[in-house]
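Start from the sequences, fold in the hints, and give me the full structure.
Protein chains: 2
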Amino acid sequence: MARPNTALMAGASLFAIAGAAAAAPAPMLGFTPGGADAERALETRFDANISAAALRERMRLMAAEPNQVGAPHNKANAEYTLAQFKAWGWDAHIEVFNVLYPTPKAEALELLGDHPFKADLTEPAIAGDDSSARQAGGLPAYVAYQGDGDVTAPLIYVNYGMPADYEALQRLGLDVKGKIVIARYGVGWRGLKPKLAQEHGAVGCVIYSDPADDGYGAGDAYPKGAFRPERGFQRGSVQDLPVEPGDPLTPGYGAVEGAPRIPIAEAKTILKIPVLPISWGDAQHFLAALDGPVAPKTWRGSLPLTYHVGGAGAKAHLLVQSNWDQKPLYDVIAVMKGAREPEKWVVRGNHRDGWVFGAEDPLSGQIALMEEAKSLGAMAKTGWRPGRTLVYASWDGEEPGLLGSTEWAETHAKDLQSKAVVYINTDGSNRGLLSVETSYSMRRLFDEATSAVNDPETGVSVRDRALADLQVRALAPDASADLKAKAKAAKAGADLPVGDLGSGSDYTPFAQHLGIASINFGFSGEGQSGGVYHSAYDTFEHFERFSDPGYVYSVTLTQTAGRLVLRAANADLAPFAFTDLASSVASEAEEVKALVGTQRTHAEAVNRLLDQKAFALSDDPTISSGPPDRESVAPNLDFAPLDAAIDRLKTASAAYDKAAAGPLAADKAGKANTILVGVEQALTDSRGLPGRPWYRHLIYAPGLLTGYGSKTLPGVREAVEGRRWEEAAEFIGRTAAVLDAVSAKLTAATQILTK
Amino acid sequence: MARPNTALMAGASLFAIAGAAAAAPAPMLGFTPGGADAERALETRFDANISAAALRERMRLMAAEPNQVGAPHNKANAEYTLAQFKAWGWDAHIEVFNVLYPTPKAEALELLGDHPFKADLTEPAIAGDDSSARQAGGLPAYVAYQGDGDVTAPLIYVNYGMPADYEALQRLGLDVKGKIVIARYGVGWRGLKPKLAQEHGAVGCVIYSDPADDGYGAGDAYPKGAFRPERGFQRGSVQDLPVEPGDPLTPGYGAVEGAPRIPIAEAKTILKIPVLPISWGDAQHFLAALDGPVAPKTWRGSLPLTYHVGGAGAKAHLLVQSNWDQKPLYDVIAVMKGAREPEKWVVRGNHRDGWVFGAEDPLSGQIALMEEAKSLGAMAKTGWRPGRTLVYASWDGEEPGLLGSTEWAETHAKDLQSKAVVYINTDGSNRGLLSVETSYSMRRLFDEATSAVNDPETGVSVRDRALADLQVRALAPDASADLKAKAKAAKAGADLPVGDLGSGSDYTPFAQHLGIASINFGFSGEGQSGGVYHSAYDTFEHFERFSDPGYVYSVTLTQTAGRLVLRAANADLAPFAFTDLASSVASEAEEVKALVGTQRTHAEAVNRLLDQKAFALSDDPTISSGPPDRESVAPNLDFAPLDAAIDRLKTASAAYDKAAAGPLAADKAGKANTILVGVEQALTDSRGLPGRPWYRHLIYAPGLLTGYGSKTLPGVREAVEGRRWEEAAEFIGRTAAVLDAVSAKLTAATQILTK
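Protein sequences, first through last, are from chains A and W.
Here our numbering is used: position 173 in the first sequence is 443, and no number is missing along the way.
Here our numbering is used: position 482 in the second sequence is 752, and no number is missing along the way.
Hints listed in this document are in silico derivations from the structure and should not be mistaken for laboratory results.
Wrong hints could be hidden among the right ones.
Copies of the same chain are indistinguishable here, so a pair counts whether it falls within one copy or spans any two.
Claimed, not checked - Below, computed lysine-lysine pairings styled on BS3-like, alpha-carbon distance capped at 27 Å:
#, residue 1, residue 2
1, Lys388, Lys375
2, Lys754, Lys883
3, Lys567, Lys754
4, Lys684, Lys938
5, Lys928, Lys1025
6, Lys585, Lys447
7, Lys758, Lys863
8, Lys375, Lys542
This is how it looks when you write it as structure tokens:
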């Protein structure tokens, strides 16, 4: 599913410093100085095999037909990928899982009343885009894992359909009970919109793309420009991903032949209400029919009408029925055995299934992954071998719910937890700046690897470009304190700051379920591709015109991922820097503590103003937006256990990083690596997070109310945000405990290295 | 001209505390306790004469026909007003001035090229609004004091046409030389748009109303709702008001019979290029024809198109020719002699001329002023007399350039400077919250008077409602530090914070040219009238539906203005509180000092990032928005002379306010009042502000680059903003000097009261 329209994501994670790359070879994390020189030479050889022409030809072949789960071209692409891996000398196979995968059987959306209208629900071919005329076998307007339904009810507009929007609705004295909500795409994850609608009593949900967000309000529409045209819409999954991803019928274990399946009715991650995504061309008929209060200022988009909330007059009929069949997934898995530590794995993955043609999402990342495999294979044919075992994966079924990666990770959990050093993920990528989320211990590896790859547009390293951008953004009048602090630290020499792992791509089962250190990255910001995200216009033609003309960033992506893989595989000591973990956790903890203080101050002020009737006095009584609810005032939460554990982690990580930077005996490295593989896992708690035990990581998780967006220290933070004070106190303790477990492992590794 | 669409004005000046009005009679500034009781009884008598029905009938009569300068109905309204004043027992007359007043002779705006289009430039009648069908004799699309011109040139979009927009254009590598700019209304004053365009070399200017700002993007369009319909446009003045208002041919002196007139070519405040205001219905044809770069994100409005900057392809033809005749102005002046201090004046004014029907702007204020006069006249008929002389003024020609008030103030400057205690202004007003700007020494009078008037919607005093609103706004996440500080101070009991006097209504010649303490206020925020501002739809019908149904706020406005007039006329000691002046000036000085620091930090950061090429690295090279210019780094400006003068002012004002609160002998009050009348004048400097000597006040002025918007400590602040460091240092000294002059006067007044 890649990342959605970046224009809609607040504070994406890109960063930067300016200046020329250092002339003298920098130290390389985990390598001896001699080993670092050899590694640099190896990377030069790796680059020599990369070809923009080969990347383009692979894109042309794989994006030629619709390739969603179950489509013939998806299977053809799996077989092509398998054959290529084999031809390049890899030990490759297809691993099949059988998963529940609904497909549309019947669907309709109609406006009733004086100006009846029937939504079209298809995307017409676009002049100059030959691919868009080859949609046979592709999906119409559809979202996966919604509920069957045939409902007729009043329509009500809920803006982005996020929690704050429901609070605003309540203040207006309105609710969605028994109604069909119409929400616009953006701000929060797609799947939360119908989920929250359902929880508030709605009987159906329509999601449209407002031109303000990714259509003519953002830039010229396709084909004149890159942005969403009048009849383009965004497919996607509405599976309850923040609870758990993967096959809904095999929760927590692999959907292999013979595995037990729970009944569909018991599946926790399937919605109950029908949902359809529509274009703004369709949506404007429905929105124009709404009356009732004028929508709050921040709810208004770029359509040429006054946005009303509705809820009374205009009625709609919404019908969706799906085939609830099982379908096979084809994960292509390719292995290249390591010479020195074959029982340690470096896992590298990208998904292969799209929503229609999927040129940028996901094939831009898929073709790079294959180009890496081609180059590594070519080196292997000359006798070279990686230090650790490489496991390359071309995932199927990511779009409907991270199916291929989750089922594979659940099936191979035990091996992964004892062997995997790191999981390196990419997904849809275009051109521009680095976009990255990693486990905090991976910040230095990422910083060093990206310092060794040049940006094709500017000639400086991709890291230095990201750091320049960070500094420019930190200068903006509305820059957050966090952004400014990160820019200052980076300028002073800290490792590139990274975003926090949330969800929305295949790293989730590795990072947040199994506790495998993970990296997810790509290039973005200049591809203007948000407007065709998950539409039939994410094509070969669109990709070449806008996402990556000349495939130059596809080459850069290959170079960067290749370095990450090679360094993770070849470093004597597995390339973790734990002082980055300690400082990052410390800064997140300070943020949560500040949040508690801000919430308390705000709650006290709101409650005082409610006592004084200040909201009622301030309001226009004829169009009152209503007073807010009273707020629960935060007690004095005791953060001391967490603070103390962070202090111990700072000490232990500093000692480890110091020891790791010293001279290294090979036998000690191997012993230390066995401990190091378990450090990220020590950050998990087998009881998991409240209401979603599948998510076990206590440092980062997708937010229950953000979807893709990360919540750091999620047990504590989400309890604070939800004003559940006992739960917050419990998770302060549990989070402190996992940090102490990490400190113990680091101390043990330090002892091995220094004794 | 009233205030423009308040939705477009950042940080308007409303404020608030909640809670019941105090039960015990509060002290009343300038009155003995016994005098305060009598005054309260008098105000109750004043209120008894106010009639909503009379206000409505007056509105119906005066708004019946177009009433701009020179229109027959304008003269009829003057004669009606005169007759009414006389009937109410006032000593009234019409004072005539002859001023340059251009009117349209020929005008046209056409789009050339493949999709030719001719702008309509008229406003059709609207169903249900009978007035809108009576436009005969009214003005078409027109702005006053533009230049004649007939130009054909490429069209270029400049957003709001403010200085920051020209900086953005320059970064894009574009300019307006030889082109016709199209700007949207909002953010800055109308007249700045063509002025800045002209200064940047444009040959013409079109200004349109984007639906995002006051049309369907803001709310339902008229007649369904109150907002600007497809073919509504905003007339107005583009005279160079921040340089000086009034008749351009008699700068600085009254345009009386026989006064010398300078040639039109020498008039400083008339623009050189042609300008037309148009509707969005017309504008969308021109904007859709533009190509070139996509407009920056903040430049995009709510029209259903991708906003481009243009500048190359699309051409337009713009023609405007005016009759450059002189026209008579009819100021109605009515006097009621004071019993105790007849040689001290309380001046009260509101303009009478509109752009078309002018129901809200200005007649909503005009009918209240007349209702006050009616009630005062009725009281006078029972033998009552005010303590000081009341001078009521119904100004003509405010819309084209504060003509009636400026010519009168210039003609009677000497009398005013020796006699006027205060000038109290209103203009267009609707319903909702207090909106106010005052001389800082008038804050307490305003606070006390508004505490004694109840808000018709909530029942609390209009002051308490404003303070409740202030507290609610201070809670918003984006509330400024200044707003929070004002809310905190008000909650702790400080006088209602007030906005700073800028321009845009008739107080300007009194406050900023003559140094008469002034108050300008009204009610707004709920009338939804911004969308018909200066259009043919500001009618009796629109006013009754949206601005003030039932004329309840017209009554409230009358009650409030009446109290201000009566207290200013009757207080034993003229009602100034100078500690408010000292604390307000101190807070503005801190703001300017902080600005210097912020500018320095920003300049250093920008220049460093330029050295590092960070902007170029951060940018998308294919659609680069270009690096900013290097910035001049602020030197260490010496604010010590200003700080020291403020300290002395704090001491002198505290001593005066303490003395004024003590027991009072009548003979001392009279002597002190003679000094007090001169205190606000002591804040002026006869040399005036740089490039605009007519503006003499060193504490507040309309900004040269904001128009209506105020700049406090303008000599210092505008020099700092323009990075003219020597000028800033000079004005630190000159501002300190006027503060010291005030301190000297206060010390003299204190000595009179205490000796």
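Results for each hint:
no. : hint                : result
1   : Lys388 with Lys375  : within (18 Å within a copy, 52 Å between copies)
2   : Lys754 with Lys883  : between (38 Å within a copy, 19 Å between copies)
3   : Lys567 with Lys754  : between (29 Å within a copy, 23 Å between copies)
4   : Lys684 with Lys938  : within (24 Å within a copy, 96 Å between copies)
5   : Lys928 with Lys1025 : within (14 Å within a copy, 79 Å between copies)
6   : Lys585 with Lys447  : within (14 Å within a copy, 53 Å between copies)
7   : Lys758 with Lys863  : both (21 Å within a copy, 25 Å between copies)
8   : Lys375 with Lys542  : within (16 Å within a copy, 68 Å between copies)
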